[in-house]
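Engineer: Sequence:
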Amino acid sequence: MADPAPARPLLIRLTDGRVWPAAEFGPGGFVCVHHPDEPNICTIAVSIEGLLADLPPGHHLHGATVEAYG
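Be aware that the sequence shown starts at 2, since it is given in our numbering, and climbs by one per residue.
Think of the hints as simulated: they come from the structure by calculation, not from any bench. Hints are supplied without guarantee of correctness; some may be wrong.
Label pairs and their computed distance ranges (CB to CB) [to be verified]:
| hint | residue 1 | residue 2 | range |
| --- | --- | --- | --- |
| 1 | Pro5 | His60 | 24 to 32 Å |
| 2 | Gly59 | Gly27 | 16 to 24 Å |
| 3 | Pro7 | Gly59 | 29 to 37 Å |
| 4 | Asp38 | Ala6 | 23 to 31 Å |
| 5 | Pro7 | Pro57 | 32 to 40 Å |
| 6 | Ala6 | Cys43 | 14 to 22 Å |
| 7 | Gly71 | Pro40 | 18 to 26 Å |
| 8 | Cys43 | His63 | 14 to 22 Å |
Owing to the predicted nature of the structure, the values given are computational and were not obtained by experimental measurement. Here a beta-carbon is modelled for each residue, glycine too, at the ideal position from N, C-alpha and C.
Model the full assembly from the supplied sequences, consistent with the hints where possible.
Structural biologist: Okay, structure coming up:
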């Protein structure tokens with residue numbers, strides 16, 4: 002069995018200016034986004050595309066952009 006790819010750190014930039022830390026596990030793998038305003042809360046998605054797809058206006062991730070960390 003092959004070793005898993007290391008997690009790739011990301012930043013999720015919300016439209017209100019907040020930046021949330023995130024990580025993508027494996028190339029094209031699942032994504033975990035930490036909600037720093039809510040202790041112990043994370044959003045998990047099957048991919049970055051899945052994280053940001055079809056979000057209604059008013060959703061905290063609607064219009065967010067993804068940036069590589071560092």
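Engineer: Quick check: which numbered hints come out false for this structure?
Structural biologist: Failing hint: just 2.
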